[in-house]
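2 protein chains.
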Amino acid sequence: MLKRLPRVVREQQMLDAAVQVFSRRGFHAASMDEIAEVAGISKPMVYAYLGTKEELFLTCLRREATRLMEAVAAGVRPASRPDEQLWNGLRAFFAFVGAHRDGWRVLYRQARSEPHFAGELAGMRARIVEVVASLLEGACAQAEAAKPARPDDFLAMAYAYVGAAESLADWLADHEEEDPEHTATRMMNFVWVGADALLQGRVWRAQAE
Amino acid sequence: MLKRLPRVVREQQMLDAAVQVFSRRGFHAASMDEIAEVAGISKPMVYAYLGTKEELFLTCLRREATRLMEAVAAGVRPASRPDEQLWNGLRAFFAFVGAHRDGWRVLYRQARSEPHFAGELAGMRARIVEVVASLLEGACAQAEAAKPARPDDFLAMAYAYVGAAESLADWLADHEEEDPEHTATRMMNFVWVGADALLQGRVWRAQAE
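Order-wise, the sequence lines are chains A and B. For the first sequence, position 3 matches number 3 in this note's numbering, and the numbering has no gaps at all. For the second sequence, position 62 matches number 271 in this note's numbering, and the numbering has no gaps at all.
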């Protein structure tokens with residue numbers, strides 16, 4: 001006899017199966033039959049627990065986004081130096097993407113290219129931009145030498161950061177051989193060191209902890 | 210009597226009208242009736258010249274992308290210093306986006322969120338990334354102090370550049386009050402100066418020409 005699993009465990013299993021199938025087939029070609037099969041659960045039960053395919057996709061998207069944001073928040077230590085905050089945040093971000101390449105493809109690529117979900121994704125992205133902008137504002141307030149900037153400046157800068165990180169994460173998701181820590185180092189060189197210093201031979205290196 | 214216009218002029222008028230209508234309504238809600246009306250041409254003629262709504266959208270997308278790339282290519286002067294190349298390229302890029310906010314919305318946002326066109330856009334983006342990677346490689350070869358890097362490093366860096374520029378351009382398209390030259394300066398600070406030097410109070414300023 002099949003052991004009865006708590007509802008929450010069963011739901012997570014179904015979501016894991018759904019992320020896998022959406023990632024492999026794309027939203028349109030993914031079938032509820034295959035998701036049920038991968039989850040080892042009957043199709044009516046998938047519907048009963050998680051609703052239509054569209055609702056299921058949205059639930060996957062939100063779960064992956066929440067996990068990603070939690071991982072980054074756990075990485076950043078707001079009391080540390082700006083470069084350490086940035087490094088730890090980026091490291092957590094790329095480690096998450098590297099460990100959930102499937103999830104990233106669902107979260108980012110599929111959702112981005114579906115008019116139904118693009119709004120949801122844009123809302124998540126706007127919240128991430130706000131968080132990054134407030135981290136930048138905090139780092140700037142700590143730095144004595146930095147000129148005061150207007151709130152709009154932080155927001156615009158945050159758009160550039162988030163765009164660069166997204167684009168690199170997308171690249172990472174396609175490069176199985178790339179180490180996520182190395183991707184984080186690339187981004188540190190881009191964002192922290194800057195091209196001027198890079199061309200003068202300066203590079204960013206993580207310090208031993 | 211209506212003066213007969215050369216075919217190529219008439220086509221450009223229709224494309225201008227189409228970009229305007231797609232941008233205002235979105236791909237799905239845009240109607241060929243409205244495009245014909247804005248262009249001052251009968252609907253059968255729009256179909257005869259430019260095909261279905263989908264074909265018309267693709268033609269708009271390709272025209273806008275070609276114009277954008279031509280503008281950037283005309284801006285970059287490959288013989289100049291790396292920072293000047295970057296500055297002139299960014300300036301041309303953001304000036305184009307600022308002057309064609311409608312076009313950017315068609316080119317980037319609509320195409321990105323339509324599964325039909327996402328492949329076309331991804332192909333264009335890949336070509337832009339290649340160009341940026343080869344510019345980076347050229348700049349690095351000029352710089353004596355910079356460490357030799359592998360081709361993959363330039364490609365990854367190019368993804369970060371293109372992602373940051375896209376994200377900021379998207380922001381610019383939504384901010385009518387923002388001066389494109391100022392956006393280019395933001396990007397120079399992000400890319401060229403880097404956060405470390407910025408927090409030490411260094412900023413990038415365009416030199417008088």
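I should point out that these hints are in silico values taken from the structure, not numbers from a laboratory. In this text, all values refer to a predicted model and were calculated from it rather than measured experimentally. By construction, the Cβ of each residue, glycine as well, lies at the ideal position given by its N, Cα and C atoms. Be aware that one or more of the hints could be misleading.
[Stated by the list, open to error] Simulated DEER-style distance windows between Cβ atoms:
hint: 1; chain 1: A; residue 1: Gly51; chain 2: B; residue 2: Glu339; range: 37 to 45 Å
hint: 2; chain 1: A; residue 1: Val8; chain 2: B; residue 2: Ala308; range: 47 to 55 Å
hint: 3; chain 1: A; residue 1: Asp174; chain 2: B; residue 2: Ser240; range: 15 to 23 Å
hint: 4; chain 1: A; residue 1: Ala74; chain 2: B; residue 2: Gly328; range: 47 to 55 Å
hint: 5; chain 1: B; residue 1: Asp225; chain 2: A; residue 2: Arg62; range: 39 to 47 Å
hint: 6; chain 1: A; residue 1: Ala141; chain 2: B; residue 2: Arg290; range: 46 to 54 Å
[To be verified] Simulated crosslink set (SDA-like; lysine to any residue; CA at most 25 Å straight-line):
hint: 7; chain 1: A; residue 1: Lys53; chain 2: B; residue 2: Gly328
hint: 8; chain 1: B; residue 1: Lys262; chain 2: B; residue 2: Arg290
hint: 9; chain 1: B; residue 1: Lys262; chain 2: A; residue 2: His116
hint: 10; chain 1: B; residue 1: Lys252; chain 2: B; residue 2: Val218
hint: 11; chain 1: B; residue 1: Lys252; chain 2: B; residue 2: Phe236
hint: 12; chain 1: B; residue 1: Lys262; chain 2: A; residue 2: Ala118
hint: 13; chain 1: B; residue 1: Lys252; chain 2: B; residue 2: Arg334
hint: 14; chain 1: A; residue 1: Lys53; chain 2: A; residue 2: Phe117
hint: 15; chain 1: B; residue 1: Lys262; chain 2: B; residue 2: Val218
hint: 16; chain 1: A; residue 1: Lys53; chain 2: B; residue 2: Val218
hint: 17; chain 1: A; residue 1: Lys53; chain 2: B; residue 2: Phe326
hint: 18; chain 1: A; residue 1: Lys53; chain 2: B; residue 2: Pro324
hint: 19; chain 1: B; residue 1: Lys262; chain 2: A; residue 2: His28
hint: 20; chain 1: B; residue 1: Lys252; chain 2: B; residue 2: Leu224
hint: 21; chain 1: A; residue 1: Lys53; chain 2: B; residue 2: Arg314
hint: 22; chain 1: A; residue 1: Lys53; chain 2: A; residue 2: Gln20
hint: 23; chain 1: B; residue 1: Lys262; chain 2: A; residue 2: Ala99
hint: 24; chain 1: A; residue 1: Lys53; chain 2: B; residue 2: His325
hint: 25; chain 1: B; residue 1: Lys262; chain 2: B; residue 2: Ala283
hint: 26; chain 1: A; residue 1: Lys43; chain 2: A; residue 2: Arg4
hint: 27; chain 1: B; residue 1: Lys252; chain 2: B; residue 2: Ala283
hint: 28; chain 1: B; residue 1: Lys262; chain 2: B; residue 2: Ala352
hint: 29; chain 1: B; residue 1: Lys262; chain 2: A; residue 2: Glu34
hint: 30; chain 1: B; residue 1: Lys262; chain 2: A; residue 2: Pro115
hint: 31; chain 1: B; residue 1: Lys252; chain 2: B; residue 2: Met241
hint: 32; chain 1: B; residue 1: Lys252; chain 2: B; residue 2: Arg219
hint: 33; chain 1: A; residue 1: Lys43; chain 2: A; residue 2: Met69
hint: 34; chain 1: A; residue 1: Lys53; chain 2: B; residue 2: Ala257
hint: 35; chain 1: A; residue 1: Lys53; chain 2: A; residue 2: Asp83
hint: 36; chain 1: A; residue 1: Lys53; chain 2: A; residue 2: Ala118
hint: 37; chain 1: B; residue 1: Lys262; chain 2: B; residue 2: Pro287
hint: 38; chain 1: A; residue 1: Lys43; chain 2: A; residue 2: Val76
hint: 39; chain 1: B; residue 1: Lys262; chain 2: A; residue 2: Val8
hint: 40; chain 1: B; residue 1: Lys262; chain 2: B; residue 2: Arg272
For the pair we were handed, Lys53(A) and Pro324(B), check the Cα-Cα distance against 25 Å. holds, 17 Å
Please work out if Lys262(B) and Pro287(B) have their alpha carbons no farther apart than 25 Å. violated, 39 Å
Decide if the proposed pair is consistent with the structure: Lys252(B) and Val218(B), CA atoms, cutoff 25 Å inclusive. Holds, because 17 Å separates the two Cα atoms, which is no more than 25 Å.
Are the Cα atoms of Lys262(B) and Arg272(B) separated by 25 Å or less? With a Cα-Cα distance of about 15 Å, the restraint between Lys262(B) and Arg272(B) holds, given a limit of 25 Å.
Regarding the pair Lys262(B) and Val8(A), is the alpha-carbon distance no greater than 25 Å? Distance of about 46 Å is beyond 25 Å: violated.
Kindly confirm whether 39 to 47 Å is satisfied by the beta carbon distance between Asp225(B) and Arg62(A). Check passed, 40 Å falls within 39 to 47 Å.
Straight-line Cα separation of Lys53(A) and Val218(B) no greater than 25 Å? Between Lys53(A) and Val218(B) the Cα gap is close to 47 Å, so the pair fails against 25 Å, i.e. violated.
Quick check on a hinted range of 37 to 45 Å for Gly51(A) and Glu339(B), using CB atoms only. This hint holds: roughly 43 Å between Cβ atoms.
Given the hint that Lys262(B) pairs with Ala352(B), does the C-alpha gap stay at or below 25 Å? violated, 49 Å
Can the restraint linking Lys262(B) and Ala99(A) be considered satisfied, given a maximum Cα separation of 25 Å? Violated - the C-alpha atoms of Ala99(A) and Lys262(B) are around 41 Å apart, more than 25 Å.
With 47 to 55 Å as the target window, see if Val8(A) and Ala308(B) comply at their CB atoms. Taking Cβ atoms as reference, Val8(A) and Ala308(B) lie about 53 Å apart, which means the hint holds.
Taking only the CA atoms, is the gap from Lys262(B) to Ala283(B) under or equal to 25 Å? violated, 31 Å
Of the numbered hints listed earlier, those contradicted by the structure are 3, 4, 6, 8, 13, 16, 21, 23, 25, 27, 28, 29, 33, 34, 35, 37, 38, 39.
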